Amino acid sequence: MKLAGFLLLLAGWGIVLCAVALLSSAVQRNGFVLAGLGVEVLGLVLTMRSHLAPGERG
Amino acid sequence: MTPLAVPALSDAGTVLCIVCILLVPCSGAGLALINTGLGRSRSAAHSMLASLCVVAVAGLVYFACGFAWQGYLGRPAHLVSISGKAWGWIAAEPLFFRGLKLDGSPASLAAWLQMLSVGLAALIPLGSGADRWRLPAACASTALLAGFTYPLFAHWVWGGGWLAQLGIHYRLGRGFVDAGGSASIQSVGGLTALSIAWILGPRLGKYSREGIPTAIPGHNAVLVLLGCVLALVGWLGLNSAGAILFAGIAPTAAVLIGVNTVLSASVAALAALMITRMRFGKPDASLVANGWVSGLVASSAACPWVTPAAALFVGLVAGVVVTFSIELFEVHLKVDDPGGAISVHAVAGIWGVLALGFFAYFPQPVSGQWVAQVVGAATLLGFVLPLTYGLNWLLDRFLPQRAPVEGERLGMDVHELGATAYPEFVIHTEDFLPR
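Those sequence lines, one after another, are chains A and B. Under our numbering, think of the first position of the first sequence as 1, with each following residue one higher. Under our numbering, think of the first position of the second sequence as 1, with each following residue one higher.
Just so you know, the hints here were simulated from the structure itself, not pulled from any lab data. Only a predicted model underlies this, so the values are computations on that prediction, with no experimental measurement involved. Hints may contain errors.
[Unchecked claim] A few chain A residues facing chain B, derived, Cβ under 7 Å:
1. L9
2. L10
3. V27
4. N30
5. F32
6. G36
7. L52
Glycine included, each C-beta is placed from N, C-alpha and C at the ideal position.
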């Protein structure tokens with residue numbers, strides 16, 4: 001789950017980069033930039049969840 | 001002037017810049033005191049020594065290779081061509097400041113400022129790793145931060161890299177801008193703090209087997225509040241010098257920058273005070289201190305381009321968000337962050353970056369600035385966080401970062417230094433016997 005979370009973070013960033021570089025229409029570009037950010041938020045949630053349940057040490 | 005032009009500094013401007021840079025170490029001293037005060041008394045000397053060591057390591061590594069990869073506006077960089085547009089990815093300076101004349105030029109001032117700023121960024125993870133982060137590991141982690149993560153992102157923002165070029169290539173406002181380092185310094189440090197907190201895990205006794213957090217209060221509120229005052233002095237210099245050197249702001253704008261910085265910190269602290277007063281019945285000194293610093297952090301990005309009213313709003317939101325964010329991380333996400341570094345630096349820093357997109361006004365009106373700021377924030381979350389986590393995870397394989405259980409029980413002072421910060425803290429019963 002941790003790896004999937006980090007991969008989603010990277011994928012979201014990739015979407016943002018591609019949107020900026022490839023889309024010329026402002027509406028489409030802004031929409032995909034926000035969508036990429038949304039994917040990153042999903043990745044962050046997944047990463048956070050994968051680090052839950054630390055338990056007691058020692 | 002265009003956003004990517006090297007600022008032309010008069011003699012007076014250069015002197016002002018030098019004075020501002022001389023103030024920057026105060027921010028580091030402030031953070032060191034805050035981190036130490038919010039930690040346990042049995043790790044206080046270790047915390048202060050670690051602060052000194054990471055600042056030293058950061059400065060040395062930045063001198064050796066950091067500036068070579070960060071560079072400065074108008075200086076050599078490696079470019080990648082995408083759709084016929086050249087994107088700057090990393091600087092191509094010689095190592096060890098060779099090729100840089102230390103003569104008061106904007107590039108030399110920027111290099112000096114960055115040697116200090118990278119130390120400030122390196123201090124931030126010490127807050128989240130307090131009471132359990134081994135000193136050698138902290139130094140090695142700092143070397144990775146100062147030698148790679150920080151310079152790479154700072155090149156993109158301040159060295160004429162692709163984030164700064166978004167305005168020229170894609171008409172996204174003036175490109176990603178961050179005058180005082182909400183993103184380049186604070187968020188990078190804050191996200192590294194999150195990585196460290198994840199890798200180290202919570203302190204011994206912080207969570208019960210059922211996952212319920214135990215309050216481990218800081219040991220010295222006086223140190224924490226003194227640190228806040230020192231941080232303000234340092235931030236005034238940091239925001240002013242950064243705005244002049246990296247955003248091409250006229251030195252006379254230092255007045256506006258100073259007013260905005262003070263307003264943002266003040267309202268953030270008062271917001272945290274009111275919230276803790278309403279929720280807990282009495283103000284919480286540590287959360288108020290965190291609110292104060294979050295206001296400073298959030299003010300950095302936009303300080304030369306917003307009105308004082310907007311700076312008040314930016315600080316207000318930072319102060320409110322940070323108090324809830326600290327609770328979210330501690331109670332619900334089980335992230336043990338004794339210094340509140342993640343919320344104060346990463347969360348407030350990203351808020352500062354986004355706020356610039358909505359509240360900044362420029363001499364020549366531009367559109368799409370908010371998109372450029374969102375792209376910058378997305379880069380922090382989508383690139384910097386995985387990078388800094390990956391580097392520290394790899395480091396942990398070779399050099400375990402967490403102190404052993406026994407060391408944590410004894411305290412980092414005794415375990416790693418062999419002596420405590422407060423040797424006379426021990427109550428000697430014979431002192432109270434009748435004579």
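So, going through the hints one by one against the coordinates:
Interface hint status for A/L9: upheld, as the beta-carbon distance to the closest one in chain B is roughly 5 Å, under 7 Å. At about 6 Å, the closest approach between the beta carbon of A/L10 and any beta carbon in chain B falls short of 7 Å, and the interface hint on this residue holds. For A/V27, the shortest C-beta to C-beta distance to chain B is roughly 11 Å, which exceeds 7 Å, and the interface hint is violated. Proximity of A/N30 to chain B holds as hinted, the smallest CB-CB distance being about 6 Å (cut-off 7 Å).
The interface hint given for A/F32 is violated, since its Cβ lies 11 Å from the closest Cβ of chain B, which is over the 7 Å cut-off. Against a cut-off of 7 Å between C-beta atoms, the interface hint on A/G36 holds, since the closest Cβ of chain B lies about 6 Å away. Interface hint at A/L52: satisfied, since its Cβ lies 5 Å from the closest Cβ of chain B, which is below the 7 Å cut-off.
Of the numbered hints listed earlier, those contradicted by the structure are 3, 5.
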